[in-house]
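Peer 1: Sequence:
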Amino acid sequence: MQRYKALTAALLVVSAIAAGVAACGGHVDDGAAATVFAANDLPETGLQGQVPIADQTSGRSTAGYRKGMTLVGQSTLMDRGGNMQLAWYRNCAYVDNGSAGNHPLEGLAVVDVSDPAKPSLVRIVSSPTGHNSWEGLEVGSATGVMVAFATSRTNPLYTTLFGADNPNNDGIAADALDVYDLSQDCRNPVRAATLSTRDLFPGGIHGLKISPDGRTAYISTIKAFAAPASQATLAAVDISVPSAPKVIATWNWNDDPENTGAEAWHDGDISDDGNTLYWGTVASFANEPVKHTGVRAFDVSSIRNRSANASFRLLGKVDWTDCGDSQGHTVQFAKINGAPYVFAGAECTGVQYHVIPVGDPAHMTVAATYTTEASDPKNAATVANDSVTYWGHYTGVDSVANATTLFVTWYGSGLRLLDIRDPLHIKEFAYYNPPAHPNNVFCGFMCATKNEVLMSDVHYDRGSGNIWFAGVNGGFYVAHITASAGPNGLTVQ
4 MQRYKALTAA
14 LLVVSAIAAG
24 VAACGGHVDD
34 GAAATVFAAN
44 DLPETGLQGQ
54 VPIADQTSGR
64 STAGYRKGMT
74 LVGQSTLMDR
84 GGNMQLAWYR
94 NCAYVDNGSA
104 GNHPLEGLAV
114 VDVSDPAKPS
124 LVRIVSSPTG
134 HNSWEGLEVG
144 SATGVMVAFA
154 TSRTNPLYTT
164 LFGADNPNND
174 GIAADALDVY
184 DLSQDCRNPV
194 RAATLSTRDL
204 FPGGIHGLKI
214 SPDGRTAYIS
224 TIKAFAAPAS
234 QATLAAVDIS
244 VPSAPKVIAT
254 WNWNDDPENT
264 GAEAWHDGDI
274 SDDGNTLYWG
284 TVASFANEPV
294 KHTGVRAFDV
304 SSIRNRSANA
314 SFRLLGKVDW
324 TDCGDSQGHT
334 VQFAKINGAP
344 YVFAGAECTG
354 VQYHVIPVGD
364 PAHMTVAATY
374 TTEASDPKNA
384 ATVANDSVTY
394 WGHYTGVDSV
404 ANATTLFVTW
414 YGSGLRLLDI
424 RDPLHIKEFA
434 YYNPPAHPNN
444 VFCGFMCATK
454 NEVLMSDVHY
464 DRGSGNIWFA
474 GVNGGFYVAH
484 ITASAGPNGL
494 TVQ
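Each residue of the sequence shown is one higher than the one before, counting from 4 in this note's numbering.
No false leads were slipped in.
Derived lysine to any residue pairs resembling SDA-like cross-links, with alpha carbons at most 20 Å apart: (1) K381 with A371; (2) K249 with S305; (3) K338 with D275; (4) K338 with D276; (5) K249 with R218; (6) K212 with Y463; (7) K320 with P360; (8) K121 with M81; (9) K338 with S144; (10) K212 with V244.
Hints listed in this document are in silico derivations from the structure and should not be mistaken for laboratory results.
All chains should be modelled from the sequences, with the hints used to inform the complete structure.
Peer 2: Here it is, written out as structure tokens:
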């Protein structure tokens, strides 16, 4: 087993900024070792994670920023832009997009990554839902079943972002999920079924997570106030037979006696045994009347076991207010030295990640927090003129069973690599903010011409040490850490 180490003898010490500068809102540990940069690094020029307006004006930002990482390969996906979520299976990657029209480049881009230095676009799979999967894309690695769906284009939020629903598209596109079979050839997804959720989620589906055994897809709506007590805000879909997906359990915010009104849902994750579901709640993204921002834990063992009367059983909840009137977003489950944690993200200006031990999901508390300097409210005046979003979005870990690293796509701050071996004292050890990629076919939500924007899930390939992610403008990326990365626990098998 090969372990990466910072080869400080061959590196140029550029700054005495502490390696732990990112932890706990950018606090610098007095005894930390100096940060070192290699000749091929392009360090950030301002705060941690910042794309300063001065760099945008001078053109410096178009080259990107990197420390301890290098690009292995890239597919621009024919310069289409509008790329959102990433999924993967075997040697293939899948990148959806957030456009709502009928352009030939819209849909699920299938990328062959057999040669990581030259990832190649194989095809773009289009279907009524695939034109606007937004953040709803995932593969069950145990089964080779992929689920993709479209958010509701009649929802005022998405109408604002993308324009009115395209009348040339099948109306089911706004309220449905597609199930694909990848098991025979990952380069040729076969659509096995389409399941309408129009009656289940009046406000449209948004969140998605597939269970570790690949048999269940958990989905949610972000428009909870559109759902009366008789309808769902969270549901479990049986995808064990890809050609016959079916809803087998639902949850409504009204099922929680402590709630005083609608509670919206964003994204979630599942424990490695498949028995506990953790889901993030939204405060104000959809103008919800009740301001819950946090995580809910459910016992879903009866769903996993396909028991009679399978149901969601609420175990516990934890909320926070340190990100303002905001929205909970990503929830990442992982074990660290045998102990289970969730890392819960929030899209806001403020604390981005909340570290929550979940050994007892009925009594969850926030044990630690993490943010970057650019996301820290105390630096709001410094970043005010940048016109860059400095929020954490989606994540990945090197190993759910024994995680050492949290990978975060941080919107305009690029990809951040965080050492979580001591989860209560997180430290950043590398970052990669790709060069700008202007002049794309689609230039809508999060389009940027002076910097890149990253929003996708992240995949760490333990066999090669390569890191896969997608950029809104630049397409699909493969990167790798270098010798100038700080101390970390990444390994290659």
